[in-house]
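Novice: This is what each chain is made of:
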Amino acid sequence: MSEEVYSLCLSTYSTQPDPRNIPINRTNLADVSWRVNYDELIPQEKLTEYKYCRVRFNLSFGPKTLVWNTQLGYLGANFQSDYNAPTTCMPTILGVLYPQNNPTNNATNQVITRTTLYEIGVDINLSSLRGQQVLQLKMCNDDAFTPMSNIDLDWEIALYFQLYN
Amino acid sequence: MPVFSLWLSTQITSPASSYVVPIDKTNLANVAWRVDFDNLFKGKQNEYKFCRVRYNLIGETFTASTPASTDWTNYVGYLSVSLPSTFQADVTNGTILGLTYPMDSPITGTSVHCMFNTTMSDIGVDIITPTGVQQMNVAMMSWITNAPISTMQNYSLLLAFELYN
Numbered sequence: 000m001s002e003e004v005y006s007l008c009l010s011t012y013s014t015q016p017d018p019r020n021i022p023i024n025r026t027n028l029a030d031v032s033w034r035v036n037y038d039e040l041i042p043q044e045k046l047t048e049y050k051y052c053r054v055r056f057n058l059s060f061g062p063k064t065l066v067w068n069t070q071l072g073y074l075g076a077n078f079q080s081d082y083n084a085p086t087t088c089m090p091t092i093l094g095v096l097y098p099q100n101n102p103t104n105n106a107t108n109q110v111i112t113r114t115t116l117y118e119i120g121v122d123i124n125l126s127s128l129r130g131q132q133v134l135q136l137k138m139c140n141d142d143a144f145t146p147m148s149n150i151d152l153d154w155e156i157a158l159y160f161q162l163y164n
Numbered sequence: 000m001p002v003f004s005l006w007l008s009t010q011i012t013s014p015a016s017s018y019v020v021p022i023d024k025t026n027l028a029n030v031a032w033r034v035d036f037d038n039l040f041k042g043k044q045n046e047y048k049f050c051r052v053r054y055n056l057i058g059e060t061f062t063a064s065t066p067a068s069t070d071w072t073n074y075v076g077y078l079s080v081s082l083p084s085t086f087q088a089d090v091t092n093g094t095i096l097g098l099t100y101p102m103d104s105p106i107t108g109t110s111v112h113c114m115f116n117t118t119m120s121d122i123g124v125d126i127i128t129p130t131g132v133q134q135m136n137v138a139m140m141s142w143i144t145n146a147p148i149s150t151m152q153n154y155s156l157l158l159a160f161e162l163y164n
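First to last, the sequence lines map onto chains A and B.
So in numbering that gives the first Met the number 0 the end of the first sequence lands on 164, straight run, no missing numbers.
So in numbering that gives the first Met the number 0 the end of the second sequence lands on 164, straight run, no missing numbers.
Quick caveat, the hints were computed from the structure, so don't treat them as lab data.
All values derive from a computational prediction rather than experimental measurement.
Honestly, I wouldn't trust all of these hints.
As the list claims (entries may be wrong) - Keeping only pairs whose Cα atoms sit at most 30 Å apart, straight-line, the calculated DSBU-like set for lysine-lysine is: (1) A:K50 to B:K24; (2) B:K43 to A:K63; (3) A:K45 to B:K48; (4) A:K45 to B:K43; (5) B:K24 to B:K41; (6) B:K24 to A:K45; (7) B:K48 to A:K63.
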């Protein structure tokens with residue numbers, strides 16, 4: 000299978016923003032937006048060379064006190080996707096989120112470290128990855144409607160765009 | 000080989016989108032949804048011969064029994080879906096998508112459990128590509144009784160349908 004992978008690392012920290020990936024709204028850390036220039040990330044000829052785009056992510060957040068049933072949900076994105084049943088919360092669901100104990104501090108506080116790199120991933124519309132756009136990432140509750148509460152720590156995420164035919 | 004994904008959660012109390020409508024969640028171990036597969040696949044199902052399904056399941060917590068060691072036996076089972084398959088040995092309760100099992104909650108130790116399993120990195124199972132609007136039942140079945148597990152909590156399920164030739 001012919002394929003290429005393009006990656007994008009984003010952080011909610013705004014003190015030293017990468018000029019290419021500037022967080023533009025981090026008032027609610029469960030709902031953060033960045034301005035992303037896809038023309039710089041993906042050569043535009045690739046949008047016709049390949050038919051499909053699969054997205055996976057690697058996320059790290061915490062530590063703080065989290066509650067399993069409260070911070071159980073999914074990571075949503077505003078990617079255009081004809082391959083995803085959209086919810087009221089967000090148009091594309093990138094994967095499941097859940098808390099776990101802090102690996103360096105055991106049960107006194109929790110983190111969300113989640114990777115879908117070994118999962119099948121989700122497909123989005125490759126043709127929509129053009130120009131400068133606002134990328135919105137939202138941590139949503141499992142009821143599919145509301146953003147998670149109590150997400151008041153910064154986080155980082157690596158997104159991987161696998162172009163394939 | 001596009002992948003179409005579908006978020007199901009027993010926490011959804013009203014239609015989260017035009018694709019998925021919860022019909023009956025009286026018994027959380029056997030929940031019915033109305034799914035618009037034509038709307039989900041948008042005609043792509045006509046380009047591919049086969050459909051492979053994987054899932055990511057995560058449930059809310061429940062209190063451990065006394066003794067807690069009995070919970071493993073009582074909650075181990077399999078995830079069954081009412082979508083037909085001609086690629087699987089016939090069983091009486093739909094198509095078996097994979098195993099399910101309980102584990103200690105990753106953030107609260109041994110006194111509470113949750114259901115968890117993912118087949119997102121597994122090979123998955125093939126089903127007949129679903130079409131139209133239909134009722135889809137998803138059941139968590141006991142490996143002992145082949146009946147829905149009796150005391151199930153709310154859960155979320157990310158289904159991934161991979162179409163391929």
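Novice: Sort out which numbered hints this structure fails and list those numbers smallest first.
Specialist: When the structure is compared with the hints, numbers 1, 2, 6, 7 turn out to be violated.
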